[in-house]
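*Asks:* Take these sequences, add in the hints, and give me the full structure.
Number of protein chains: 2
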Amino acid sequence: MIGSNVQIQSCPQVIATCDSLRAEIQTARREGKRIGLAPTMGALHAGHLSLVQACCQECEFNVVTIFVNPTQFGPSEDFDRYPRDLEADLAALSPYPVDLVFVPSTDEIYPSGFSTAVEVGRVADPWEGASRPGHFSGVATVVLKLLNMASPDVAYFGQKDYQQTVVVRQMVRDLNLPVEIRVCPTVRESDGLALSSRNAFLSPDERRQALALSQGLKLAEELARSGEQDAGSIRQAVMDRLTCEPDIQVEYVAVVDPQTLEELNELSNPTLVAMAAFVGPTRLIDNQLIGEYVI
Amino acid sequence: MIGSNVQIQSCPQVIATCDSLRAEIQTARREGKRIGLAPTMGALHAGHLSLVQACCQECEFNVVTIFVNPTQFGPSEDFDRYPRDLEADLAALSPYPVDLVFVPSTDEIYPSGFSTAVEVGRVADPWEGASRPGHFSGVATVVLKLLNMASPDVAYFGQKDYQQTVVVRQMVRDLNLPVEIRVCPTVRESDGLALSSRNAFLSPDERRQALALSQGLKLAEELARSGEQDAGSIRQAVMDRLTCEPDIQVEYVAVVDPQTLEELNELSNPTLVAMAAFVGPTRLIDNQLIGEYVI
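Taken in sequence, the protein lines are chains A and B.
Just so you know, my numbering puts 17 at position 17 of the first sequence, and the rest follows in order with no gaps.
Just so you know, my numbering puts 289 at position 289 of the second sequence, and the rest follows in order with no gaps.
Honestly, I wouldn't trust all of these hints.
No copy labels: a pair is met if it fits in one copy or bridges any two.
What the hints assert, rightly or not - Cross-link-like lysine to any residue pairs, in silico, SDA-like; alpha carbons within 25 Å at most:
| hint | residue 1 | residue 2 |
| --- | --- | --- |
| 1 | Lys33 | Arg22 |
| 2 | Lys218 | Ala28 |
| 3 | Lys218 | Ala200 |
| 4 | Lys33 | Gln236 |
| 5 | Lys218 | Arg122 |
| 6 | Lys33 | Asn176 |
Please keep in mind that the hints were generated in silico from the structure rather than gathered at the bench.
Predicted model only: the values in this text are computed from it and were never measured.
*Replies:* Right, here's the structure in full:
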């Protein structure tokens, strides 16, 4: 067992077809192994790798998927220029006992005639859903397909895409999917910037301005800690921190219930502060739960 | 094994919760049994029972579901008066080695906060989809839930709901569901009337007029057999047969490609003829594949 893991660590098996994924999973399932899935769009950074690590710690057959899903990008978004580097991704995965890396083509996931979509409803409507029409339908549909193919016991997502985790959990509950959704904390640079594959697009000056996002979240936390209970004041303080940067265009700052994603007047415990902003041409998101220390 | 089946035949186990369904299925799965699912809305007739029979012949753990799914009924449709008789249904199932009858409440299937829907796209748009907006989204969503709960190897549907079988197959393919969809032939009365739970609503005179549906299909088949290749002529002949009954209001007569459900100019081989009509206040559907004998 250890011997086979060592072999796998040095060279994870890369597969490209749904049929081969299912066949490998079926074998692992028959062996009674606990199956973990970490779905990614590649361009792997330490945030993704924290999902992979959690997966490998908790499961016995570990599947990472790398698929830049076209249906979750809008027509004017960065699907074409989204970073892709399979070789670097496989190198980044090599220290982990990943059993399978599933790297399907677009045609493999969306063959000719494909026409089905999952609509998750209310929690997918505001914020990212409003800024990126169709985004969460694309996310939910591809996640459902991956879950159906890999039938994992546990699937791993990052808190960085907070609303995505709410949407996926809603879908899992509503569609009676037999999978546990695990959310791993956002991984940040030492100066606070949340890791994102899109950070690679930032110029040094944009990189400096982008700190306004995490600093806005810190500010929100400090305000809440110091007794501010008015959601509007917190929202405005975060907004002010963002808009003082010349190349930042704010899409939204949300101060919301972490489960319903509905806007709050007074802070709940905890409260989610989430934001999306363009830093130059690059769209970044970040979020944080605040107020957990109250009571 | 035989002993336990005999016991089950006399009294199938009725369960009401998703959790208990999943637990029972998990046990059967661990025992390596081939699992079959026959989803129904109850009011079981010989058509449903032909699905149950096929299921019991081909599978080793047989699940029948009885759930009148509100989301596939339009607001002006007959959800409230749809026939329900659990006792009679269980009696009808008693000759078959059914292992589980799943009879959930509406709240069990759609708990508070439920908000997800599956949209299957093109094949769900015309005919029944156009006549009954939202119908196929309701069907696809509940079928997906049942498939996820029961994780059957095979699921059984009747050809009577032809478009439903096309929609379900499209969903299964698009969402990579690991299940085989089996379609069983329409069961008819000796005079040709397709069995339907809604036939119970027909007065004796309406029952007589309702024969126009199956007779229209026979007429279409005879025309095709005698060399008629023009889809419009066949459609018109069926329409004429229906409209000569005073209490029949035709919703559609479709002469279509059996896979795409797109209208044909010339017959394909085979061609699907499908229809929906109100007979008095009762909406009936019927269909038949014609032209399979050509070549």
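*Asks:* For every hint, state whether the structure bears it out.
*Replies:* Against the structure, the hints:
{"no.": "1", "hint": "Lys33 <-> Arg22", "verdict": "both (14 Å within a copy, 19 Å between copies)"}
{"no.": "2", "hint": "Lys218 <-> Ala28", "verdict": "neither (44 Å within a copy, 52 Å between copies)"}
{"no.": "3", "hint": "Lys218 <-> Ala200", "verdict": "within (23 Å within a copy, 67 Å between copies)"}
{"no.": "4", "hint": "Lys33 <-> Gln236", "verdict": "neither (50 Å within a copy, 60 Å between copies)"}
{"no.": "5", "hint": "Lys218 <-> Arg122", "verdict": "neither (28 Å within a copy, 48 Å between copies)"}
{"no.": "6", "hint": "Lys33 <-> Asn176", "verdict": "both (22 Å within a copy, 21 Å between copies)"}
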